[in-house]
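Peer 1: Top line first, the protein sequences correspond to chains Z and S. Those letters in the first sequence? Residues 814 to 1064, per the working numbering, in order. Those letters in the second sequence? Residues 1079 to 1519, per the working numbering, in order.
Everything labelled a hint here was simulated from the structure, so no lab data went into it. Just so it is clear, CB atoms sit at the ideal spot from N, CA and C, and this is done for glycine as well. Possibly wrong hints are sitting among the right ones.
Just a few of them, taken from the derived set where beta-carbon distance is under 8 Å, the chain S residues facing chain Z [as the list claims (entries may be wrong)]:
| no. | residue |
| --- | --- |
| 1 | 1455 |
| 2 | 1464 |
| 3 | 1466 |
| 4 | 1473 |
| 5 | 1476 |
| 6 | 1478 |
| 7 | 1489 |
| 8 | 1493 |
| 9 | 1497 |
| 10 | 1501 |
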Amino acid sequence: MPLLEVKNLQVRVEEREILHGLSLTVNEGEVHAIMGPNGSGKSTLSHVIAGKPGYEVTGGEILFKGEDLLAMSPDERAAKGVFLAFQYPVEIPGVATMTFLRTALNAQRKARGEPELSTPDFLKKVRSVAASLNIPQEMLRRGVNVGFSGGEKKRNEVLQMALFEPSICILDEMDSGLDIDALRIAADGVNALRSQGRAMVVITHYQRLLNYIVPDYVHVMSKGRVVKSGGKDLALELEESGYAQFEDQAA
Amino acid sequence: MNVALVKPTSDRASGESFAAARSRLPGSGVVSEVREAAFAEFSKRGLPHRRVEEWKYTDLRVMLREVAPLAVNPDEAALNRAAAAVASLDVTDTCKLVLVDGSFAPHLSDVASLEAGVRLHTLREILETADNSTRADLLRTNATSDVMVALNAAMATDGVVLGVDNGVALKRPIHIVHIATQSNAASFTRSLIKIGEGAQVTLVESFVAAPDAKSYQVHDALVSWAGDGANVHHVRLVEDARDASNISTAIVTLGAKTQFNSFSLTSGSALSRYQAFVRFGGEEAVANINGVNLLKDRQHGDTTLVLDHMVPHCDSREVFRAVVDDRAHSVFQGRINVHPDAQKTDAKMMTRALLLSDEAEADNKPELEIFADDVQCGHGATTGALDDSLLFYLRARGLPEKEAQALLIQAFVGEAMESIADEQLRETAVATAARWLATRG
Ligand SMILES: Nc1ncnc2c1ncn2[C@@H]1O[C@H](COP(=O)(O)OP(=O)(O)O)[C@@H](O)[C@H]1O
Ligand SMILES: [Mg+2]
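Construct all of the structure, not just a fragment, from the sequences and the given hints.
Peer 2: If you want it as structure tokens, here you go:
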């Protein structure tokens, strides 16, 4: 059984159709890249998978481990192992990062019927993950993402990914706004999480990220559809010829 | 008492209760005269209603309807029930001074452990025994002509009268605990606190109900003076029964170079009004006056502040937060008066209301009245719902809806709670908010 199956997905936002029948199948352990120009619907797809309100699914379905994902609340999806690394992680003043991490991790464990993690175990886990991502303890004492640079926000997303150990990670433009060093740290963090049981969907506008996170499959999205799929070489091809060739196909 | 003063309106019951209560009110002679004048004032004006500007959003003729009969002095059974309420207070490491149904209860109070430099009397004791001018002064104030303060002067049965000597730094908070044990009865208390120059004091006020006390009314006034250089922390925790009413007034006069740090948390009472009149009487004083109202069902919570900057170089900061659920109604009125002499005043007031339901309501009325030209003053008021993008972020990380909301609400009120210097008291405030959130439907 595939891990994630998006079948002929049609999505509207405010009466306007954004996704016009999109299909995507991801198996355990695979890394898929989705590339496409701005406005092609990449974030919309990631939001619908994570359960963000405001999107109307007018056709198709999404199965996760064979279950109807669209019938689940966002928190149920998280507990089942869906993780979205946001393109723009929000700042939450007044909610300490540590409190947030612990509350979230324990909420997921509770939903799965697992016992809460003890405070020492939790601290140990956070500290080791944070150290591997170059995240200083001082950052964890601040409000969630408050005053973080773009790179710090993205690293904080990777930190959560490592902590929650999801089955599928959707990374929405993890590279946007990062310089090369910040990108490398974040990408190393992601690569460390690649495993047989875990799949990744790496959404990006640029081929650059895919030098660091090398995908098994590449899909090109244009105007709300997947217009071409292939191996990792497809990304290089795109780098040379650009998206223009696909714009016509999608129309 | 001239019974003809009693008007044939909805205030009739109040008049009757004054006539009936008169014989039970402590003090005679000049005290009775002050009471009768105060009651005449109340009788003339009646309960404040929506056409009285200061009470525009809290119409007591509609919401309180009438003043309940004066509570009787607590008997032994009542004191035992009050003792249970004292035992279940969240704040423990304080010097408790307990008022039960408007009467000081010495056996429930930590009188023996009062620290050196603190002098304690009861209002009743002074009204009954002190010389004439002292007695009458306790029931007078020129800080406000508010009619509910006049009613309080007419009816006050007891309260604590404290003096803290110059330079004394108290180790433990002084804690005035108001406990209601009687249903459908009103208590009237007035406490007066004089804090000496350079003294350091933490004052806590709790309002709670003994088990089964219902539909009672609390009418309280707190009058305090902070001497030059005093450092005063003030925390009020209103956790009255959910069908009770609490009408409280604080009248504060600040000396030069005082630090006044006040925080009020209201989660109880069907109807509550907290009005604070703060007057800067000496230069270079700093006041932080913060508060949080947590309201649900059909609760109505009103916080009304009046700050008078009389002298130059004083700073005031107000941070208020209201969380309003169901059909509850929050009111915040804040008025900063900067008088002609008060140059270099730095006054800022910020109030925010968070509406958790479509039927929840919040009224914010910040006002600045400035008669000095070299000042920095500002105010802001916002009303809104929880931010959907923050909620989604938390839910995408596994938090169920209520938990995600709770985390954001705690952050929202936390900003106003940060100012509580005493760790125990701050934790109590945070825990009270958490408890309130846990009982949301
Ligand atoms: N909340 C919204 N309201 C209206 N239009 C939206 C909204 N979100 C996205 N869109 C539109 O949907 C299209 C796809 O956007 P998006 O999914 O963000 O693309 P991408 O992530 O590929 O840049 C764009 O035309 C965008 O303007
Ligand atoms: Mg996008």
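Peer 1: Take the hints in turn and mark each one as holding or not.
Peer 2: Hint check results:
no. : hint : verdict
1   : 1455 : 25 Å, violated
2   : 1464 : 11 Å, violated
3   : 1466 : 7 Å, holds
4   : 1473 : 4 Å, holds
5   : 1476 : 4 Å, holds
6   : 1478 : 5 Å, holds
7   : 1489 : 3 Å, holds
8   : 1493 : 6 Å, holds
9   : 1497 : 14 Å, violated
10  : 1501 : 16 Å, violated
The structure fails to meet hints 1, 2, 9 and 10 from the earlier list, while all remaining hints are met.
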